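Novice: As a plain string of letters, each chain reads:
There are 2 protein chains.
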Amino acid sequence: MKIALDAMGGDFAPDMTIAGAIEAVSEYDLEVILVGDKQQVVGALKDKRYPSGKISVFHASEVVEMHESPSAAIRKKRDSSIRKAVELVKNHEADAAVSAGNSGVAMATSLFLLGKSPNVDRPAIATIMPSLTGFFVLIDAGANVDCKPENLLQFAVMGNAYYKAIFNVPKPRVALLSIGEEDTKGNELTKEAFKYLKSADINFIGNIEGKDIFSGNADVIVCDGFIGNIVLKVSEGLAETVIKMLRREIVNVATGRIGYMMIKPAIKNFKKKTDYSEYGGAPLLGINGTCIISHGRSSSKAIKNAIKVSAEMTKKKVHETIARTLGGFVAQAKYEG
Amino acid sequence: MKIALDAMGGDFAPDMTIAGAIEAVSEYDLEVILVGDKQQVVGALKDKRYPSGKISVFHASEVVEMHESPSAAIRKKRDSSIRKAVELVKNHEADAAVSAGNSGVAMATSLFLLGKSPNVDRPAIATIMPSLTGFFVLIDAGANVDCKPENLLQFAVMGNAYYKAIFNVPKPRVALLSIGEEDTKGNELTKEAFKYLKSADINFIGNIEGKDIFSGNADVIVCDGFIGNIVLKVSEGLAETVIKMLRREIVNVATGRIGYMMIKPAIKNFKKKTDYSEYGGAPLLGINGTCIISHGRSSSKAIKNAIKVSAEMTKKKVHETIARTLGGFVAQAKYEG
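Those sequence lines, one after another, are chains A and B.
Position 276 of the first sequence, counted from 1, bears residue number 275 in numbering that gives the first Met the number 0, the numbering being contiguous throughout.
Position 88 of the second sequence, counted from 1, bears residue number 87 in numbering that gives the first Met the number 0, the numbering being contiguous throughout.
I should point out that these hints are in silico values taken from the structure, not numbers from a laboratory.
Wrong hints could be hidden among the right ones.
[Stated by the list, open to error] Here are the simulated lysine-lysine pairs, DSS-like style, with alpha carbons at most 27 Å apart:
#, chain 1, residue 1, chain 2, residue 2
1, A, K147, B, K147
2, B, K170, B, K75
3, B, K243, A, K272
4, A, K263, B, K210
5, B, K163, B, K75
6, A, K271, B, K270
7, B, K147, A, K210
8, A, K210, B, K270
9, A, K47, A, K1
10, B, K89, B, K314
11, A, K89, A, K37
12, B, K163, B, K47
13, B, K243, A, K270
14, B, K271, A, K210
15, B, K267, B, K210
16, B, K190, A, K190
17, A, K272, A, K315
18, B, K75, A, K184
What you are looking at is a predicted structure, and each value in this text was computed from that prediction instead of being measured.
Construct the entire structure; sequences and hints are all you get.
Specialist: Right, dumping it as structure tokens:
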């Protein structure tokens with residue numbers, strides 16, 4: 000198993016990406032191809048210790064910056080580290096690609112070079128979020144801002160295959176994000192999508208309301224990419240705000256500082272349990288290949304885990320499963336229609 | 000100033016609503032008409048002390064239950080406490096109505112009896128939420144699940160008028176909820192709405208992303224009612240989940256319990272500062288009259304504050320301002336078009 004890692008992508012590249020690659024090859028049975036400026040990458044690798052033969056370097060002369068637009072990057076930076084990493088997957092020289100660089104460019108490049116899976120209309124981003132009892136997958140987390148009901152069905156099938164592969168759960172509980180539990184509650188899109196999901200061969204448990212997404216009652220939560228992005232960002236923003244406000248109040252009360260010291264181990268445990276960098280990034284599902292997009296601020300651990308998840312997805316053939324399952328729907332629709 | 004209060008609405012009615020009414024008339028220069036079963040309300044009032052002449056009772060023989068549908072309640076329960084409270088506003092016997100009962104029914108009843116304001120296509124719910132620096136208004140928080148760009152413009156104008164009246168801010172900063180700050184980011188609805196908001200006579204500061212809604216950078220945040228409801232509920236759900244998870248971790252570490260005791264005053268201050276029951280409920284804006292819908296679990300303080308806010312909205316003529324401002328847009332559109 001060979002994973003192509005965009006060594007130049009991310010706020011702390013290439014040091015952090017290289018550290019993540021070393022952790023990954025030390026811990027797992029896989030190889031990493033570091034894609035980026037050869038001189039810089041080889042220089043950074045020189046004093047490091049890692050299992051020999053498990054890391055190689057592939058030269059790419061350009062780097063995509065965080066502010067660049069996908070169309071411009073695809074048109075102009077034909078030798079970028081993101082593009083070269085995806086090309087290795089396209090040419091079967093790597094099994095999967097991982098990038099913590101410009102996420103819009105990483106997404107557009109992998110879609111452009113690898114193409115959509117058979118029977119997929121709209122590839123989607125699947126993000127892992129913490130719940131009261133574990134983790135759930137939110138899909139689509141931002142790839143498609145305007146969706147049709149059929150798209151939501153495809154997101155459900157893709158999220159289902161991904162959750163099964165990553166969490167080893169045979170029948171993930173799939174829910175549709177809406178504003179009430181009854182099938183009559185929702186907007187035009189979700190009311191129509193509800194019917195599709197109900198008839199699909201997945202463990203569809205119905206609508207889920209915003210207040211329940213963190214309850215642990217659903218494993219895969221389906222929505223359009225506009226709402227998915229907002230839910231993801233509101234959650235991040237609120238969590239940060241609560242912590243900031245609490246800290247401000249704590250230092251203001253007499254016993255606050257010492258009390259805070261005493262609960263600090265609990266806060267650390269809490270952070271550890273809700274740390275979704277454990278899953279290292281979000282795949283773009285529904286393309287011909289495995290491509291994981293990690294956060295620009297990824298730690299070496301997040302990079303290591305993204306590499307692991309990409310290997311796991313390859314091994315479990317997630318994208319083949321998606322194409323096959325959706326192919327079944329298409330065949331059935333033709334038969335019926 | 001006379002406020003009609005649905006005495007039978009809410010999980011703890013009529014005791015809690017009556018307690019809220021007494022707090023309100025004791026503190027503010029206004030009268031409350033308690034609408035509900037006369038025998039029950041008079042009985043509950045009997046031993047209470049309050050300024051004489053400031054509370055009266057108006058009989059309504061029926062109560063709408065929490066599970067009833069708006070259409071059935073409007074058709075069948077013509078003598079319900081919600082309906083009678085709104086009728087008092089319609090007949091100019093009260094200046095505003097407040098209900099903590101079935102919120103769908105309260106909304107539908109006030110729209111049905113009072114009608115839409117001139118120039119308003121879709122009335123909307125404005126909800127107050129806490130931010131890092133104070134509070135912001137989210138509009139629409141759930142009245143309209145499928146919207147057009149013009150609706151979002153009207154929500155902006157209505158939220159603007161409401162914020163001005165309640166917080167005494169001359170030029171509230173109005174933002175559009177989207178997935179990126181640039182005007183090119185968003186879905187079809189928000190990209191079109193952006194143009195409308197930009198040309199409106201409000202202090203429009205552009206798009207705001209989900210992660211920034213709690214930052215205090217915007218006073219009024221505009222979105223369709225489907226997303227508004229989800230944002231509101233996700234926020235409530237996440238806040239509860241974080242507290243539950245933290246508590247679970249705190250009791251699990253050796254010094255946790257005692258540390259928790261020491262930061263407890265800080266948590267209390269935090270809760271006080273973020274307690275939006277201070278604003279007691281959410282008005283349905285864009286109808287011919289003032290109607291505030293409070294949470295079913297409202298405390299007497301929340302009821303008191305809803306009464307205060309409804310009086311404030313009446314005094315500042317919020318719904319007249321909305322009709323006038325939107326009338327200006329309509330006149331201008333006719334002139335230009």
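Novice: Next step is simple, just say for each hint if it's right about the structure.
Specialist: Results for each hint:
no. : hint            : in the structure
1   : A:K147 x B:K147 : holds, 17 Å
2   : B:K170 x B:K75  : violated, 44 Å
3   : B:K243 x A:K272 : holds, 13 Å
4   : A:K263 x B:K210 : holds, 25 Å
5   : B:K163 x B:K75  : violated, 38 Å
6   : A:K271 x B:K270 : holds, 25 Å
7   : B:K147 x A:K210 : holds, 26 Å
8   : A:K210 x B:K270 : holds, 19 Å
9   : A:K47 x A:K1    : holds, 20 Å
10  : B:K89 x B:K314  : holds, 17 Å
11  : A:K89 x A:K37   : holds, 21 Å
12  : B:K163 x B:K47  : violated, 36 Å
13  : B:K243 x A:K270 : holds, 13 Å
14  : B:K271 x A:K210 : holds, 22 Å
15  : B:K267 x B:K210 : holds, 25 Å
16  : B:K190 x A:K190 : holds, 24 Å
17  : A:K272 x A:K315 : holds, 25 Å
18  : B:K75 x A:K184  : holds, 22 Å
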